[in-house]
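Asker: Generate the whole structure from the sequences, applying the supplied hints.
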Amino acid sequence: MMKDRKIDTFQVNCLSHQTFVYAILLLMLILMSSYSKAETDTLNWVFTGNASVSSDFYSINSSPENSINRRRPTDLHRLLYNSNLKYGIFELPITIVLSSNQTNFTTQAPGAQTFMQYLQNPMNIIRIAPRIGDLSLQFGSFVPRYSELSTGNANVFGLGAEYTPDNLAISVFYGISQRGVESDTLRGIRGAYERRSLTARVHYGSKRTGLIGINVVAAEDVESSVKSPSLELFPERGFLTTINFLVPFTERIFLEGEAGGSLFTRNTRDNEIESSSLEFLSVLTPIKTSTRADGAGRLKFGIEYDTWGIAANALYVGDGYVPLGYRFFMSDRLELTLMPKLRLFDGTIFVSGSIGTRINNLSNTKSQTSEQLLASLNSAIRFTDYLSLNAGYSNFGFRNRTDNDTLKIDVISSSFNISPNLILRGQKLIHSITLSFAFDDYKDYNTFTTVINENSTRSITGVHVINFTEMPLTTDLTLMQLTNDIKPFELSIYSIIAGVSYRFFDNTLNPSLKISYNNTSYSGAGSDNSIGFRAKVAYIYNKSLTFTAEASSNQYSYGELRSNASFGETFVRLMVASRF
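When you line the sequence shown up against numbering that gives the first Met the number 0, it's residues 0 to 579, in that order.
These are calculated hints, taken from the structure and not from any lab test.
Even for Gly, the Cβ is constructed at its ideal location relative to N, Cα and C.
Fair warning: there could be bad hints in the mix.
Simulated restraints, written as ranges between beta carbons of each label pair [said to hold, decoys possible]:
1) Ser-522 x Phe-248: 58 to 64 Å
2) Ile-514 x Asn-152: 35 to 41 Å
3) Leu-434 x Phe-546: 34 to 40 Å
Answerer: In structure tokens:
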């Protein structure tokens, strides 16, 4: 393998940008050809959709001045638009979501943006997908959802097409899955290279008859997209393919699974390897010193009946497996899960649960290996049409395998909740009363000192809603008490919320009001108090147009813990919504 050869891997190994555009144009010609053959004797234009424009305004004042950080942007404006134009077998759905705020906690600050960068920002969504019969084109922001080990939650801005006749599904999408962001050490911005991705799939079959599919994802960072990258920022490249299947043995019994392999290079600047065990894969992507090949697989066996069911899941993900179409995916793990469910007495009793284990560090590349026990149980019981009960329990255990007592971790977290609901119907009033009890315990067993660190939380919540049958009036009252015990401290919260709503003028004017009070006390450190106010009014001008205004205020006073500081914040939202 020659080191000095210059290869654009996306053009040679995946699909060039020009070729992709030509393919899209060819699909457009096929669309027009299909449309010309459609029957036109009963066609009608149908245009439906909805749109809204909203503006949020926020302000905060604190004492001492500037001692409390604001929790919202000063102003935020949004546009939401959805429409669908239909004419026979032709459809043109359009989705537009625009925001004046171009960053959030998970989206890095973009700085000055060009028009295309503005459209590519995940804070905005532009989606156009014309369809004629079984063939559709896609332009804008889409999330290719192919399978659990290939791609499913990563947003991509670009071009694509999908052909779905009968039991066949062919999809392809090319675009930008990560926008380029310049590094800025002064502002704490690490930066990111622009990442271009190509996804494709061919699936055949259905859940009833059986299904098999092949999925391919390729992605590469563009080095020229960042002018001054930080020393910790490296351009990456990846390729993966998976095969997923579904085998229905009967209408009630099935087997589902997927197997895949990936090649991922953590630094494309590294030298190529002239000879290695992965050289035969160089046709897919150049093999660098930081290239890693690994695999993943999942299997699910399920039995589904009207009154009972059970499913067994197994998941293995290798340490070097990187699913390019998923964010925040955990690798190097093995999971085994059993999930039974039971429905009795015509569905009045429903019980479901799961129990499983998770083991990481299968490759022994980390200093420690940990095991986690996951268990949960949920039930819903309907005694009568007026009385029901929901309950749930979950347990999470975490333990590593180190022999060093000072590094050993042994943690158990459990939670239990029970919630009865009672409905009382009278001639003039309908009462809905719900009580919720929750118990959460977290225990950390220190095997070195034998001391148990415990965090316990207890809460009780009551909600009473009254609906007046002879007038459009609704009232609600919520009471909550929570105690959090962290030795040697104790936190207690008491809260009360009262609300009322009414509908005037044949339900065209709908005002509502809520008032809340909270008291938070700390053992030996005084207590905090807050009073909240929220008013909202919606005016339905006609079947197509609605105006909404909302205002809220929160006045918070700290106790001794923050030297009696205080702050007040105000929030206002104005919105106009239309349906057509």
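Asker: It remains to establish, for every hint, whether it holds in the given structure.
Answerer: Hints, verified against the model:
no.	hint	result
1	Ser-522 x Phe-248: 58 to 64 Å	holds, 60 Å
2	Ile-514 x Asn-152: 35 to 41 Å	holds, 39 Å
3	Leu-434 x Phe-546: 34 to 40 Å	holds, 37 Å
The structure shown violates none of the earlier numbered hints.
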